[in-house]
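Given the coordinates of chain A, work out where chains B and C should sit on it, guided by the hints.
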Amino acid sequence: MNRRSYRLEELAHLVQGEYFGEKDFQISNLASLELAQNQHICFVNGEKYLAQAEASDAGVYIVTETLKQQLTQKKNFIVVDNPYLAFAVLTHIFEAKILQRGIESTAKIHPSAIIADDAYIGHYVVIGENCVIGANTIIQSHSFIDDGVEVGKDCFVDAHVTITGQAKLKDRIRIHANTAIGTEGFGFAPYQGKWHRIAQLGSVQIGNDVRIGSNCSIDRGALDDTILEDGVIIDNLVQIAHNVHIGENTAIAAKCGIAGSARIGKNCILGGASGVVGHLEITDNVTLTAMSMVTKNISEAGTYSSGMGLFENSHWKKTIVRLRQLADVPLTQITKRLDYMQAQLESLESTLKLRK
Amino acid sequence: MNRRSYRLEELAHLVQGEYFGEKDFQISNLASLELAQNQHICFVNGEKYLAQAEASDAGVYIVTETLKQQLTQKKNFIVVDNPYLAFAVLTHIFEAKILQRGIESTAKIHPSAIIADDAYIGHYVVIGENCVIGANTIIQSHSFIDDGVEVGKDCFVDAHVTITGQAKLKDRIRIHANTAIGTEGFGFAPYQGKWHRIAQLGSVQIGNDVRIGSNCSIDRGALDDTILEDGVIIDNLVQIAHNVHIGENTAIAAKCGIAGSARIGKNCILGGASGVVGHLEITDNVTLTAMSMVTKNISEAGTYSSGMGLFENSHWKKTIVRLRQLADVPLTQITKRLDYMQAQLESLESTLKLRK
Amino acid sequence: MNRRSYRLEELAHLVQGEYFGEKDFQISNLASLELAQNQHICFVNGEKYLAQAEASDAGVYIVTETLKQQLTQKKNFIVVDNPYLAFAVLTHIFEAKILQRGIESTAKIHPSAIIADDAYIGHYVVIGENCVIGANTIIQSHSFIDDGVEVGKDCFVDAHVTITGQAKLKDRIRIHANTAIGTEGFGFAPYQGKWHRIAQLGSVQIGNDVRIGSNCSIDRGALDDTILEDGVIIDNLVQIAHNVHIGENTAIAAKCGIAGSARIGKNCILGGASGVVGHLEITDNVTLTAMSMVTKNISEAGTYSSGMGLFENSHWKKTIVRLRQLADVPLTQITKRLDYMQAQLESLESTLKLRK
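Protein chains in written order, with the numbering used here: chain A, 31 to 386; chain B, 31 to 386; chain C, 31 to 386.
So that you can see chain A by itself, here it is in the shape it has in the complex (with noise of 0.2 angstroms):
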């Protein structure tokens, strides 16, 4: 944590906002509405959090105008448009940098890597030949840079991270912890039984401010390249196969898995656990709720789910025994053969009476 403390004037004016109250008031970092102590300051994200806000201890609150004059308990404030955006804002004021640079002597760095003066490589980092390290990147403990790899200019490579396949990675990157890069894609020509490896030849390209989360894994291309355009965002233990493109600004949720060659647009968000089969494309501006399993191409923007959601146990049991008998009936059929039976049913009820 940074141990520094802010007046309320101060981050008022970081996030653009305007303050009320104490402006010289002191704060030493920002918490949640329900374990917040006074010297610290919330954000209120909606009309649903004010009852937790009335209840809160912190001094100082991030609220637009409207939920301001909501709080008529509360002195201090900081008014903006957007509390969500400002408290993002706030967060890099008060987050723990880490301020070495330089390279450590246990690192071993090959003599033909370039590193910039103010990169801080870290103990026992393996750089290889011909690598490029950017100003202000920090590479954690125990990276392996493998030969030909590139990494921009303010970049952040945590622990234990692997970058091989002479992958080129831009700037303002975030590769978190045990994330393997570039490594050889899953491709094997199957010929008398036995599966041929083929080995990989393309590589990776990481666009500018992506960031990929801990344990994930991304793979070379077979002959062109895996490509992750700008503002790509990823969590942890995703994996992205051999010659996948995903476009600018798509978020990906933890566990999610692209297979080979898939082209995936710009601006989506794929929930968690989702699934995506090789070789197909999904359009701009798709979402997926958790656990979708795409198998055909997406060619219309909008929200698509797979998944049967969770059910009470004996209830399940249940509907799986009647979803296997799901083939043999005809559903189509049947409100057609209702509707054509009722027909038939009043046709003769009228016979009868006319007949009476």
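There may be inaccurate statements among the hints.
Restraint ranges, calculated between C-beta atoms of paired labels, are given here [stated by the list, open to error]:
| hint | chain 1 | residue 1 | chain 2 | residue 2 | range |
| --- | --- | --- | --- | --- | --- |
| 1 | C | Thr365 | A | Gly76 | 50 to 56 angstroms |
| 2 | A | Asp358 | B | Gly76 | 37 to 43 angstroms |
| 3 | C | Gln222 | A | His345 | 27 to 33 angstroms |
Computed list of lysine-lysine pairs in DSS-like fashion (alpha-carbon distance at most 27 angstroms, straight line) [said to hold, decoys possible]:
| hint | chain 1 | residue 1 | chain 2 | residue 2 |
| --- | --- | --- | --- | --- |
| 4 | B | Lys138 | A | Lys138 |
| 5 | B | Lys347 | A | Lys326 |
| 6 | C | Lys224 | B | Lys183 |
| 7 | C | Lys348 | B | Lys347 |
| 8 | A | Lys347 | B | Lys348 |
| 9 | B | Lys198 | C | Lys224 |
| 10 | A | Lys198 | B | Lys224 |
| 11 | B | Lys326 | B | Lys296 |
| 12 | C | Lys347 | A | Lys366 |
| 13 | B | Lys198 | B | Lys127 |
| 14 | C | Lys78 | A | Lys326 |
| 15 | A | Lys347 | B | Lys296 |
| 16 | A | Lys296 | B | Lys224 |
| 17 | C | Lys224 | B | Lys296 |
| 18 | A | Lys348 | B | Lys326 |
| 19 | B | Lys366 | C | Lys347 |
| 20 | C | Lys366 | A | Lys348 |
| 21 | B | Lys348 | C | Lys347 |
| 22 | C | Lys348 | A | Lys366 |
| 23 | A | Lys383 | B | Lys383 |
| 24 | C | Lys326 | A | Lys348 |
| 25 | A | Lys366 | B | Lys348 |
The hints are simulated quantities; they were obtained by calculation from the structure and are not laboratory data. The beta carbon of each residue, even a glycine, is placed where N, CA and C say it ideally should be.
Leaving out everything else, chains B and C in the frame of chain A:
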């Protein structure tokens, strides 16, 4: 493997059981019924394993009184109430222990870190500022313990583990290889078509006796902490997002993913590859079968399930066609309409009969 | 990338094909049809790629006799029966090889370990007591080979791999970055509301030519061993639990999970993110499509599937409502009742007609 061998009497004493047969019989290891040799001890976990036990070459059998009476051809036994538990106890006797203590010369330890004298710090381990490592704790090769992390006593941290985000770990915790704890949560504020990173200021708290498998990701909280209570056990490749709270003694099988701020109760069991959506609550004593998908709160204890199970492929394809029609078929009306028409038919029939 | 270039005649010889055109044409690399330049060689994998081949700038094409006759505008060819296989062979020619041999000075090797003279042991590798590393095997930076582990010849172990649990690996095995092999299985005996750890005493056996991707977890057995037979290929982020047995040449795509003691036959293909429940058997030659969920034995070869595929979100919501009603709808009776009522109706109608 521990090379010592044990006498039947010794082992019976260790599991608080009664021995039958040669009290000095030498036992060199535990084994499965199938592969056991004469110097091995096996356990018989219920009547369904009696045939396998009869055919086994093991020298000694851990059994209940009832099972013993049915194994008339065998000579040496340890009789207990719960053979599986006795087996669990004995595995610890035959396990190869890590006996090294002290700090390997290749480990890099910040001068401010406090390491217990009888801890073991393996090769190339990096331990940061103000860390604490408790008595009898083992940190295997290459692990990275970042600034401010505390690990209690009698813990085991396997190779290539990353612990960061100022995580606090209590006692008797086991963390397996290549797991990342305390890494940054996946928090971004969308604004003007881009994702704005929310620096994560919370931490991770891990209770006593917690077990975390290999290749897991346990993220630090955004403001408050991610919390695993005492006795939680977690298998491999599991994702625990920021601000998740897992109650005591809950077991999470491999490949599960728990999204941000979800709260899971005590004594739950999550089957493999289950997913829990963010910001919801699961009460105590809930069991999810494998590959469950939880999108709503679960407020009643019980067993829950998802997923349609496996179909032969052509049956599956037909089922999916029907499933896509299902939305347009008024299922609950069909039976009602059938009943109604049946009544009409019967009324017509009786009218006709009356007119004979 | 290997900097050498090859003559057309040379490459044709290497794939046992026939060349047409300029036998001395210099080829510097393999490429995709789309991005190839004149000095590149491409393969044409069937008629559907003919248009792309015609538009390609590649200098040489690997084709079948039939395809060659249709590419009338092109000059240089290698003709083979199986272009995809020829391509697979040539990737090995153009692959950048790791040429270093010997032991880096920063590696920590126990004096009792036996390392072949022509093996390569990378920076900061740790190799324990009684380990064996075979001829021409490469162990990349930071890998941890724990006591008693044996690795055969011609293997490749990438960075940050953990091999423990006395695992025994045969020859020509490739293990990608950040994978953990031989880690402790998830075995706990429940007793009085707590989980009692079962120390895992089995090991892992990995056959010849096995390939394991990045970020995989392959646990050691509880008593007997976890076994991967010869020729098994495994993609990234796959979980193989304790005592699993995988038969020869079975392929497992990314994100699959195989639970404890499951037994999978030979020549199976498991689509991505499939799950197999513990203690069951899958026979030889079974294919699972992506995201399959196997909860019962599969005793017949064939293709099997799970999952409802993707729905537009509002269609999905309606479908789920119906699915929740399904348990109470006697599907198989509906058609029978319809048929029965139809017969009644017709009988009534004919009765009425007779009475006219």
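Going through the hints against the structure:
The hinted range of 50 to 56 angstroms is satisfied by threonine 365 (chain C) and glycine 76 (chain A), whose Cβ atoms lie roughly 51 angstroms apart. With their beta carbons about 39 angstroms apart, aspartate 358 (chain A) and glycine 76 (chain B) fall inside the hinted range of 37 to 43 angstroms. For glutamine 222 (chain C) and histidine 345 (chain A), the hinted distance range of 27 to 33 angstroms is satisfied, since their beta carbons lie about 32 angstroms from each other. As the CA atoms of lysine 138 (chain B) and lysine 138 (chain A) are separated by approximately 15 angstroms, the hinted pair is consistent with the 27 angstroms bound.
For a cut-off of 27 angstroms, the pair hint linking lysine 347 (chain B) to lysine 326 (chain A) stands: about 14 angstroms separates their Cα positions. Taken as a hint, the lysine 224 (chain C) and lysine 183 (chain B) pair is honoured in the structure, with Cα atoms around 20 angstroms apart against an allowance of 27 angstroms. Note on lysine 348 (chain C) and lysine 347 (chain B): the hinted pairing holds, with a Cα-Cα distance of about 20 angstroms set against a maximum of 27 angstroms. Distance hint between lysine 347 (chain A) and lysine 348 (chain B) is fulfilled; the C-alpha atoms sit about 20 angstroms from each other, no more than 27 angstroms.
Among the hinted pairs, lysine 198 (chain B) with lysine 224 (chain C) is consistent with the structure: their alpha-carbon atoms are about 22 angstroms apart, no more than 27 angstroms. A hinted pair counts as satisfied when its Cα atoms are at most 27 angstroms apart, and lysine 198 (chain A) with lysine 224 (chain B) qualifies at roughly 22 angstroms. The hinted pair formed by lysine 326 (chain B) and lysine 296 (chain B) meets the criterion: a straight-line CA distance of about 18 angstroms does not exceed 27 angstroms. The suggested pairing of lysine 347 (chain C) with lysine 366 (chain A) holds, with an alpha-carbon distance near 24 angstroms, which does not exceed 27 angstroms.
Taking the CA atoms of lysine 198 (chain B) and lysine 127 (chain B), the gap is near 25 angstroms; set against the 27 angstroms cutoff, the hint holds. Between lysine 78 (chain C) and lysine 326 (chain A), the direct Cα distance comes to roughly 19 angstroms. Compliance with the 27 angstroms bound is thereby established for this hinted pair. A C-alpha spacing of about 25 angstroms is found between lysine 347 (chain A) and lysine 296 (chain B), which places the hinted pair at or below 27 angstroms, so the restraint holds. Restraint check for lysine 296 (chain A) and lysine 224 (chain B): satisfied, since their Cα atoms lie roughly 11 angstroms apart, inside the 27 angstroms limit.
For a cut-off of 27 angstroms, the pair hint linking lysine 224 (chain C) to lysine 296 (chain B) stands: about 11 angstroms separates their Cα positions. Using a Cα cut-off of 27 angstroms, the hinted pair lysine 348 (chain A) and lysine 326 (chain B) holds, with the two alpha carbons roughly 21 angstroms apart. As the CA atoms of lysine 366 (chain B) and lysine 347 (chain C) are separated by approximately 23 angstroms, the hinted pair is consistent with the 27 angstroms bound. The straight-line distance between the Cα atoms of lysine 366 (chain C) and lysine 348 (chain A) is roughly 20 angstroms, inside the 27 angstroms bound, and the hint therefore holds.
Among the hinted pairs, lysine 348 (chain B) with lysine 347 (chain C) is consistent with the structure: their alpha-carbon atoms are about 21 angstroms apart, no more than 27 angstroms. For a cut-off of 27 angstroms, the pair hint linking lysine 348 (chain C) to lysine 366 (chain A) stands: about 20 angstroms separates their Cα positions. In summary, the hint linking lysine 383 (chain A) to lysine 383 (chain B) is supported, as the alpha carbons are separated by about 15 angstroms, within the 27 angstroms threshold. Simply put, lysine 326 (chain C) and lysine 348 (chain A) have alpha-carbon atoms about 17 angstroms apart, close enough for the 27 angstroms limit, and the pair holds.
Among the hinted pairs, lysine 366 (chain A) with lysine 348 (chain B) is consistent with the structure: their alpha-carbon atoms are about 20 angstroms apart, no more than 27 angstroms.
Hint check: no violations occur; every hint is consistent with the structure.
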